[in-house]
Structures are given as C-alpha cells and as structure tokens.
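Construct the complete structure from the given sequences, taking the supplied hints into account.
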Amino acid sequence: MRAEREAARVERVGAPASRESAPGTGAGDPFPLERVVDEDGLVADESRVLLAGEELLRLHRAMVLDRALDERMITLQRQGRIGFYVGAIGEEAAVLGAAAAMAPTDWIFPCYREHGAALLRGMPLAAFLCDLLGNAAAPGKGRQMPCHEAWRPARYASVSSPIGTQISHAVGAAWAARIQGEEMVPLVYFGDGATSSGEFHVGLNFAAVRHLPVIFACRNNGWAISLPTDRQTAAATVAQKAVAYGMLGVRVDGNDVVAVHAATRRARARAAAGGGPTLLDLVTYRMEGHSTSDDPRAYRAAAVVEPWRRRDPIERLRRLLLRRGLLDDAGVERVRAEVAAEIQVALAEAEARPPRPPLESLFEDVYAEPLRQQREQLAELAGAVAADPRVADPRHADA
Amino acid sequence: MRAEREAARVERVGAPASRESAPGTGAGDPFPLERVVDEDGLVADESRVLLAGEELLRLHRAMVLDRALDERMITLQRQGRIGFYVGAIGEEAAVLGAAAAMAPTDWIFPCYREHGAALLRGMPLAAFLCDLLGNAAAPGKGRQMPCHEAWRPARYASVSSPIGTQISHAVGAAWAARIQGEEMVPLVYFGDGATSSGEFHVGLNFAAVRHLPVIFACRNNGWAISLPTDRQTAAATVAQKAVAYGMLGVRVDGNDVVAVHAATRRARARAAAGGGPTLLDLVTYRMEGHSTSDDPRAYRAAAVVEPWRRRDPIERLRRLLLRRGLLDDAGVERVRAEVAAEIQVALAEAEARPPRPPLESLFEDVYAEPLRQQREQLAELAGAVAADPRVADPRHADA
Amino acid sequence: MAALNLLQAVNDALRTEMRRDPRVVVLGEDVGRFGGVFRATAGLQAEFGEERVVDTPLAEGGIVGAALGMALQGLRPVPEIQFADFAFPAFDQILSEVAKYRYRSGGQFACPLVIRMPYGGGIHGGHYHSQSPEAHFIHTAGLKVVVPATPRDAKGLLLAAIRDPDPVVFLEPKRVYRAARGEVPEGDEALPLGQAVVTRPGTQVTVVAWGAMWHEADRAAREAAAEGIDCEVIDLRSLQPLDLDTLVASVDRTGRLVVVHEAPRTCGFGAELVALTQERCFLRLEAPAVRVTGFDTPFPYTLENEYLPRAPRILDAIRRTVRF
Amino acid sequence: MAALNLLQAVNDALRTEMRRDPRVVVLGEDVGRFGGVFRATAGLQAEFGEERVVDTPLAEGGIVGAALGMALQGLRPVPEIQFADFAFPAFDQILSEVAKYRYRSGGQFACPLVIRMPYGGGIHGGHYHSQSPEAHFIHTAGLKVVVPATPRDAKGLLLAAIRDPDPVVFLEPKRVYRAARGEVPEGDEALPLGQAVVTRPGTQVTVVAWGAMWHEADRAAREAAAEGIDCEVIDLRSLQPLDLDTLVASVDRTGRLVVVHEAPRTCGFGAELVALTQERCFLRLEAPAVRVTGFDTPFPYTLENEYLPRAPRILDAIRRTVRF
Ligand SMILES: Cc1ncc(C[n+]2csc(CCOP(=O)(O)OP(=O)(O)O)c2C)c(N)n1
Ligand SMILES: Cc1ncc(C[n+]2csc(CCOP(=O)(O)OP(=O)(O)O)c2C)c(N)n1
Ligand SMILES: [Mg+2]
Ligand SMILES: [Mg+2]
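In the order they appear, the protein sequences are chains A, B, C and D.
Residues in the first sequence are numbered consecutively from 1, following the numbering used here.
Residues in the second sequence are numbered consecutively from 1001, following the numbering used here.
Residues in the third sequence are numbered consecutively from 2001, following the numbering used here.
Residues in the fourth sequence are numbered consecutively from 3001, following the numbering used here.
Note that these hints are calculated values from the structure, not bench results.
Do not rely on the hints blindly, as some may be mistaken.
If you want the footprint, here are the derived chain D segments under chain B, 3+ residues with CB under 8 Å [what the hints assert, rightly or not]:
#1 3034–3043
#2 3050–3062
#3 3085–3093
#4 3120–3134
#5 3287–3298
#6 3303–3311
Distance ranges between label pairs, derived from CB positions [said to hold, decoys possible]:
#7 Phe3324/D <-> Arg1353/B: 38 to 48 Å
#8 Ala1368/B <-> Glu3286/D: 36 to 46 Å
#9 Arg152/A <-> Ala1269/B: 50 to 60 Å
#10 Ala1272/B <-> Ala103/A: 47 to 57 Å
#11 Pro1355/B <-> Glu3286/D: 42 to 52 Å
Chain A regions said to be covered by chain D (calculated; three or more residues, Cβ under 8 Å) [what the hints assert, rightly or not]:
#12 133–140
#13 146–158
#14 167–177
#15 360–370
C-beta: ideal position from N, C-alpha, C; glycine also.
So, in structure tokens, the structure goes:
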C-alpha cells in the first residue's frame, strides 16, 4: 500500500534513535552518531583525533574549571551569596569542544550555559563572578540575572533569557561579515527546547537560503526544564531538522569532546570555504536540575540519570589523557587544585567589590545618552531616597 | 572525505527538484511528485482515480466557478466596485481537490485564496460577494478587506492577513476534537511563503509531537509576492520539511485535481485512524499577480509563466472529462454559462444591499457585549456626525 | 473557607472549574507532570489526565494559537505563559488573532480563553522574569485584562475569567504568590469582572493600584494615616473592563490621585488613568495626578527594589500630592 | 531642492545614506528586486547589489534578529517591515532584544538600526494593513520612535535615524505616501531627532499630532481659523525622544490641548501626552485635554473614514475645548 510506503519513508529519516544508543554504523542511518573517543577513553580511528596533546590538556583544564565553578556556585547560591545559577554539569564537552574549534575572532552567541566558553575566550573569572553577584564591578552592571554575561573583547555576545532569540543574531553577524569581506564564522548555542521555537526555524532558514557561514550548535541535553526531548519533538534526532532547510545536519556524541571539536572544526572549515551553514546535534545530558530554581525530583526519576554517570565527559577525556600518558593521577589532582584556587582567588576579588551598582547606573545605557525621562527619573529617585532612605533599602522587599 | 560524505547525505534529501520537472520515479527520490492525470488528461493507473464521474463533474464546476469568479472580481476591482481582490487563478486544483476530500464536519482553516472552498462548502455566493463589498449584509460586517471571509455554518474559519497564524489554530481544533471524542480532521491551507514563518514550524511540531490528526496543505505556488520559492528556502521541496517533525510529507502535482484529492483523502484516512498529521506539498503556480495591488511585471518575466499555461488545472480536468465522455464541448460551455449567470445574479443581489454597515456595527463584536468605551465612543461618534455630517463622509478621505 | 496563598488559590480555581466543566483544559510549558515552574498547576495532570493538562513544546505562539483553535472547537482553554516576559513570541497570536477573532468574523466566531501569566518584579528575576506588560494588552481592543491582588480575588476572578465569553489575559502577581495569604471560599463562586474594590475608604487622596503594588499602596496608606493623611485605596482588580465609576467617584471626593504600577511610566496604564480622570474630574482635581511607577528602563536585577514603586516612594508621592 | 512625495523622500534618504556609508544595508520582504510593495526601496538593489539590498524569506522575527546581528558586527541595517501590522511576529526581537541589548550588556554592545514600517489607515486596508502600533514601542525603553509627516522631514529624519547610535522605529504614514508632496533638499543633511515643530502658531488651543493625522489637524486648524478660533498646531515628528518643552510651552500659553492620533484611544500615546501636560501645566489648563483618536476596536474596512480622526472630528473637539 502506498500509505505504508510513505510511512516507511518517514521511518527512514525518523526512526526513533535512542539517545543512549551506540553510534550508528552509517549504513542506512542518515544521521549516525559521530564518536571518536569511547567511554573507556579508547580511540578506534586515530586519524580522527585532530587535537594535539597540549590542546587536549587545555580543554581538559577548561572542562574541570567549568565543572568546579558550577559546583561551587550552586553552593554559593544555597548559601544565599548569589541569587541564581544555571550550569553545564555533564555538558562541558558540548560547550567547550565547540568553542575550542572556532577562530578567536569568530563571534560566539551563547544560550545560558556557556560561561565555560566565555572563560576559555578570555573573560576574566573575577569579571564573570562580579556579574553573578551583580555588583558595582560587574561588566553587565548588575542588570541581568546571574549567568547572563556578555564579554565584548572576546566577541562573546550578550546572554538573554528568551529562548532562541540569539539564533538569528548569529545569522546577521555572518551576513555582515560576508558583506565586509571578513572571514568570520559565528557559533551559536541553544538547547533542544529551543528547536521548537519559531526563532530556530526562522534563523536556520535564513542562513540556508543565503548560504551563510554559521554553526548552529544544539546542546541536545535531553530536557527543557521538565520536558524530555521526545515530548519536545517527534523527530528521532535534532540533526534531521536540517533537512527542512536543505542544510547539513550532523549528529555527534556530545559527551566526547574530541568528536565535538572535530565536527565543529569541520563545519567551520566548510563554512569558511563557502559551503554554508551546519546544524550540529550535540547529544548530551543535563545531569542536574535545570537551574538552582529547579528541583528535578518532581519530574525525573533518579534512575534515568544513572546510565549517564559513566558517560561523564570529563571522566572520558581523563581516561584518554591517562592512556596517552599526557596526564597522571597526580596531574589530575593538580589541575583540580589549581582550578579550585583560581576560583577562590577570583571569588575573594569579586566579593571585595562594592555589592551594589550606584543609583545612576539604573538609568545609563538605556540609550547612548539618557533622555529626559531617564534624567528626570534619576533625580526623582535620588530625591525619594533623600526623603526616605528606605526607598533604596533592599531589605524592605517582601510584601 | 567525511565532509564530502555528509554533503552527499544532504544532497540525497535536498537535491534541487525543479518545480517543472516530471514526477519522480520514486527510486532514490524520497519525495517524488505524485500525479494521476497527466497534462493531456491521460491516466496511467486507473486504480488511483478515487473520484466517481459525478464527483469529477462537481469538482470541475467548482473550479470553473472559482476561475470565473476571480476573473470577474479582478475586473470589478479595476472598475472600482470592490477595493481589493486576491484570487487563485491556476491554483484551483490545489484548493478544491483538497477541500473536496474532507468530511463536511472537518474544519477548514483558510489562507486567503480559498474562497472556492468556502463556496464548495456551501457559503452562498451572494454572501461572499457582500463580504467583498463590505456592505451592510456582509457576514463579516465590512470589517476586513475583501477575501477575508468566514463562514461558520460550514466550519470555515476566519481568514486573517498575518501569514501562518491559522496553522496552530488547526492544531488546536484537532486536539480539542480528540478530547471531545469527535472524529474531525482539520484542513489548513497556507502558501510556500508561510513555510518560512515561525507559525509554520511551531504548528507542525505541536501536531507531530501530539500525533494530532491535521492536514497541512501548502499551496506551493512558486511565489510569495515577488519572492520565488527558491529564495524562500534552500530545501528542494516543501515536502521534506516534514522530516524536521518526524511527520509524513507528500509531494503532489498541485495542478492535478485528482492527485490532490487522492493524496488528501489518504492523509485524512490516515489521520482519522490515529496515524497522525501529514504535510501536503501541492506544487502549483500563481499565474497572476499576487493580488490586485500587485504588478508582477516588476519582478517576473512573462516567459517564466508560459510553461505553466499548458499545465492549467481546469484544462487538464476538462481533457479527462472529455476523454471519458463525462462532458462534451457543449457541456463545457454550459457550465461556463451557468457559472457566469450565477455570478451575475449573486452580484446583483449583493450590490442591491445597503453599501455601508450602520455606525453602531463599528462597536459591536469587539467583546460579546460592548464595554463602556465602545458605548461612549459610539455616542461620541454619533454626536460628531450630528455636528458635522462630513465626519461620516467617505469622500472626505484624502489628505 | 480555607487559608490559602495566592498560588494555591489559582490552583484551587483551576481544579474547581475543571471538575465543574469538562471543556476546561490547561496547556503550557511544564504545566503537566511538573505542575508548573511555580506549581500553579500542581496535581492537575494527575487528576485530569494528559489530554486535559498538557505539557507543550517550547513555543508560546503555538500555545496561544492552539488554545484559540481549541476554543473555536468548543473547549475553554487556559494556556499558561511561564512568565509574562515570554508572551512576546505569542504577541502576534494574542494581539492579531485572539483579540480580533470575534470582530473580524462579524461575530460568527468567538474565542473565549484565559491566558494566565505570572508577572511583575520582586523575585530577583532581572530583565526577563519581572516585566509588567499590561499596557500592551489594554491597548488592544478585544482583550480583557484581570489582575488579582489577594487569594480570594485570584480564585473568584479566575473562575469568572474562564466563564467569560471573551478572551482574558490573567496576570498573576508572582511577587506575592506565596506572601499573600487569606481566606478563600471553598465553593465555585465567581467574582464579577470589571469591579474595582475600595479597600480603604479615605478622604484626602485616592491611591490606585493593582496586583503586587496594591500591597505596597495599602502599606503606604497605613503609614500615611500615621502621619495624619487620610488615603482612599482602590484595588482595580480588572484593568479592562475598567471600573471607571468607582475611580471617578473617589477622585471627585478626594480631588487628588496617585497611581501606582510597576511597568515603565511612559505609556503605562497609569497614563490612561490620569487621562481619564482629568477628562472626567477636571474641575474637582486639586493637584496634578501623580504616577509612581517603574522607571523608563529595562527591569534591573540588583537594584530592583529601587526600581519598584514600593511603599516609601508611594508615601513620598502621597505627601507631595497632599501638599501641592 | 526637488519636489518629492513622501515615498520618494524615503527612497532618496536611503539612497543618499547608502552612497555615503557602505555600512548601510536594507533587508526585508520584497525590498530587493521588486523595490518594496510601496516601492520605497525601488532601484536600490540595482545600484547597491544583492548583498546590500536583500530580499528575505517571510519572517519578520528573522528580519529584525538578523539586523541586530548585523549591527553587532558593525553594519547599519535598515530592515523594512512590510506593514506595521506585521511587526508583531518580530515583537520578541524588537522589545526583548533590540531595545535591551545595550542596557543588558552593561553598555558593552549596541545595536543601532532603523526599523522602517509603513503604518496607519486610510488606504482601505482593514484590520491588518492599517494599524498604528506606536504606543507599544514608546512603552518600551530603549527604542526611539520617529514619524515624519512631510517629505522634507521623512528624508531628514531618516538620515538622522540611520546615523543615530540607538535603535529607531521609523513609522511612515502610508496614507500620505503619495499625497504629501513638497520640496526636499538634495544634500545629505539630517534633521535632529527629538524636536517637534510648531507648524502653525496660535493662542487659543494647542493641537498636537504626527504622521498622517498632522495633515488632518492642520486642516482642522485652518477651518477653525475661519470660525475665529486660533489654534497652535504641533507636529511632534519624534515621539521618543519627545520634545516636551515645546509641548509644555505651548499649552502653558494656550491653556488647552487637543491630541490627535489614529491608534485606539485606550493606552494610546495620547494618554501619555495628556498625563504629561496635566503634570506640568496643571495650573495653566483651562479645560480638560481632549483626545481625538481611533476607537477602541480593531481597525475597520468599510467605515475606516468614520474610524479615523479626520479634520471634521478634530474641529468638533477644538470647538468643544474652546467652549469648555
Ligand atoms: C521564550 C521563552 N519561553 C520560556 C522560557 C522559560 N524557559 C527557560 S529555559 C527553558 C527550557 C529550555 O530548554 P532547552 O532549550 O533544551 O535548554 P536547556 O535548559 O536544556 O539547556 C524554558 C522553557 C524562556 N526562557 N523563554
Ligand atoms: C506576517 C506577515 N508578513 C507579511 C505579510 C505580507 N504578505 C502578504 S501575502 C505575502 C506572501 C505570501 O506568500 P505565500 O505564503 O507563498 O502565499 P501566496 O500569496 O503565494 O498564496 C506577504 C509577504 C503578511 N500578510 N503577514
Ligand atoms: Mg535542553
Ligand atoms: Mg506562494
């Protein structure tokens, strides 16, 4: 029957691919999971490791820092020292493998779990921590929630909460660079949840139809707050969504930093050579709650997370490094200690800054120059504070 | 090289399929163009003609009416008797073949070229014409531009201008019907331009993930005002966009009313049986300007339209009917004459109604009952008209 | 009567109405299994099943658009937008479709539905978890806009909103989701939409507010009383339809008006209230009406308490108005 | 000096600035090969090529989002929204992203860009080709909002908008695209943003308008003069920043205010202007400020001339205000 033939046709591109499954063989599977380093740290095809030892060590350190930072900040949030935190525990390979494959002048358009990439790019840790504290030294001047950093010197764009909005920004930046004759390939991150947004669709379509050099990196971490990916989309893979745009889609083991890096580098080379955009489906897993505001026990059984523990991306890279003799157990410990110290120092530095930006900062940067309203309202607020200091008393907060 | 392998993979699902090309063989082409009746009115596989002679004649008449109506209304617009018109010349098979395959209780969510479907569903022609005139008898009370009709008795939803918004309405209606235990499969129309909208993406994804019975009918007519489809998307077909949702996508010769009908009926049966939604890519062509406001000579060479003249959907059906002896030349003429007379009578009826809805109609239906503002503003307007009749003088319009 | 907080009252209203009316369905991000990020829909999926309490993909436009389609087909959907700040991706559906469907079809179709949104600041949410977009909705004819300040009103007004024939944007002041507690009747009695309530009668100045800011206005009025200034406080509850009679009657008596809202001042609903009262109470006004509002900036993070028009700033405005 | 209509003046400004500044690019639906459905961008693609004058797919959110990305990378994009009514799919990008990018990044990034939109009624466009959404943009801190009424202003203000460091929503009154004709300087001189112009000095009542309604206000003032009423007419030109000084100075002199706009009355910009003047001119006002506006309904088709606040209705309001 014809109807059955058609059903089969969809199956072909949409067969439910388990997110835990071993990498596809490539035969018959249009979007096989690319992997270079297996869970034991073994490499089947050495030619696919494109990173030198030194680079692997640098990535390892960045991932360890990312993890340690997340753990420490979650604690700080519990202690009430910061208001909120959203981390990347378990997703470090996806975040850092992709970022490391880009040129330093390539823009990064982050979602909200990519501060590891900002630090890799050179954002000072203390500056990032000031942003978390929202203090007077915060580069973002304490205007957004924690983890909504921006870092212009590294072309690391401004994190925003609304899901998916950054995607078309990357498309525009690529377009502009082509007009300017600059070789620049933006990397834009987003989650599996974001693939349902209109923004995703619109952005990828623009990029494909203009054949723009953009790398769309989906941190496909299995969850959008409480919604598992299979309730987010009926597509078996995120990679196949590229078909809608006549775009290349590649599915990668997002917990294998070497594979993520290789796929991203390939996509970048292709884009820079005029080959157009790529959608990277980085299959990984959100090990913790969505953020410090979330308690996943309400919707996710602990057991489903278990299998992912042994796929830990940092452990996997460590096994590779140990096997290759690039690092020994003491070295691993040393990295951990260094990173902990780095956080400690930066935290001390950040917490030493005045905790609150000045009143006038409230009215700056709305426009290049404050308009009448901002000037008048600053005066009004200053007057009200003078009349009653409680106007500026943060403790007077609850109803 | 791996990169080449991947490029090939995309080619497989995204090879540029010419919109003028003959139907695919099926081998290797995941989205072959389905056709039943060829341009000479010949049928290769009789088993695929699902329509009885009587139904074919009914569809023929509906298509002839649609065409004659469009032609007449374009003339009326030029004469200044109506303000605007947007028709379906060349797209009658796509519009009517799909509508005819639905059950009478299935909702139709139109775009803006589907008035032929409204009439097929039983909207009186005079009522439609009153809507075009925006007169006192218009079902829409003269509030929207011409061709923005709605017809509740036939579950024909309200046409809206913003592109794509109707798509998720169809999804919601299907969802509701399932909750209510009613077998109802909505048919929603939209253009190739609409496939770029966020609305398209969001709607199809919802339908697929909830496995809802909806038929998404893309009138893929080659143009979105001045933009040809290949600048709208880099995908070779609209059908392949279904892959993104794990949905069935079917590519149909949209100028073959028998094929459109068959594909839609199949999709409906599948949906009603719990098989989920289908995206129909109805490949057709916009023979005229976008609307009476448009002059396609500014962006489209006459020559590109030429090949489509011999693919005229009405001519093709006529050839089939003639071959089958269901109609002869005299019969064809008779249908034309009947239809012309029907339009003439309805037009006279419509033009005999008071040309302007009453003042108070301006303030009705904003809410179920007018609020204070609407009541006060009606009084204010009536007062102003009393003070100066020019307030309600339509001629006092230009600056 | 049970003592509930505002969040529990919302939950109670949804449960009550879903039991009473099988047409009522709830949909949105995380509303099902999880029960909503604020837990407003907690327990509903367990009671009413996965088809009536639906976890949707991440797309607000789709949530509202699907709800509209459901309403056309006869259901009474209650979509949730996780934060009012994320209503913007659904603006085309809300402003172009939901608001205009009845009018544009000549009254053939209607789409009664209630779009619930937690809104407002005071939870350290920064730019995108703090905004008060009511003016956008009020400016759009065809929508009703309701904002409860207390648990009792939250329940009664939400019941009324779901039963209303018109689409309603139901803004829930998340700052007082837990802080506002009070007695809530156990039945299914709705409170009428479009009626403000004078929560504190007074003679010298009328203070108008809604949502979380009503609590601040009330506090400011109590402090003012201690200084000998007698304020009348009005909780509008429904911004569209607006109970203008109550407002005008009050201002005609007091001759002075202070309007409080969290949204930025320029083109906020405060401007409309000032315009309406000067149109209708022109000869009774003894001082310019004063707006105590959020500032014309995006919503900040660290300095959110400076940004919000809390009691001390309202009190300052009350004093200035009385002294004018 | 050449006599141009408003559409030609817009085209002239774009061409002038694209010649002067290679960073300027134009993008939108049908703006390239076709030159725009109103032909505002006619001839630009032929002169500047397909990369600088870009036909985009049908997605307003993508148009604005891409423009933002271009601005970050150093271009000066001028996206076109085909009709202001179709800005809603881009509202998340405009209100959440464009407006807040500078502020939220602590001033690290800016996104200077100009979103051009034909707006307003009077072309028999019904619901979705007639709306005036300026209040939504004015309520959003971070955006500037400019509306020319004449060809000269269209050119001079568009040049200024493109050179401005902040994002500008540039609303073009399509009702007078062709009807408004006048001398337009040939050079590349910009007019400053934020300056209103008193187009007719007068003593008895101030009439404020912008865009197409300025022409109606002017006509009403001329008719009023024939009746012996001396109106001062102000064309605001820039709604954000607002030239409040000019407005206040005028009302302080005349003591009476009539505000005219096409958008629905409730929460329209008229409310803000009334609120601002009563705050600042309280003791000088001799009559309540009156708003002559579109009604609180969706924009109609057949009765659009009844809906629009044309000269006769403005004149009626002027008379009532003067007689108060
Ligand atoms: C437009 C919008 N809607 C809703 C939200 C609330 N929200 C924040 S994160 C999130 C889930 C995102 O999931 P995903 O894209 O998979 O990213 P992840 O958190 O898994 O990295 C939701 C619904 C939002 N921020 N923006
Ligand atoms: C959101 C939105 N943007 C822009 C427009 C203006 N517009 C009207 S029709 C159209 C092209 C639609 O093309 P398509 O979807 O292919 O439908 P067709 O006209 O070819 O049937 C455009 C851009 C609109 N109506 N809505
Ligand atoms: Mg996720
Ligand atoms: Mg088309």
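Tested hints:
| no. | hint | result |
| --- | --- | --- |
| 1 | 3034–3043 | holds (count 3) |
| 2 | 3050–3062 | holds (count 6) |
| 3 | 3085–3093 | holds (count 4) |
| 4 | 3120–3134 | holds (count 7) |
| 5 | 3287–3298 | holds (count 4) |
| 6 | 3303–3311 | holds (count 6) |
| 7 | Phe3324/D <-> Arg1353/B: 38 to 48 Å | holds, 42 Å |
| 8 | Ala1368/B <-> Glu3286/D: 36 to 46 Å | holds, 41 Å |
| 9 | Arg152/A <-> Ala1269/B: 50 to 60 Å | holds, 58 Å |
| 10 | Ala1272/B <-> Ala103/A: 47 to 57 Å | holds, 54 Å |
| 11 | Pro1355/B <-> Glu3286/D: 42 to 52 Å | holds, 43 Å |
| 12 | 133–140 | holds (count 3) |
| 13 | 146–158 | holds (count 6) |
| 14 | 167–177 | holds (count 11) |
| 15 | 360–370 | holds (count 5) |
Checked against the numbered hints given earlier, the structure satisfies every one of them.
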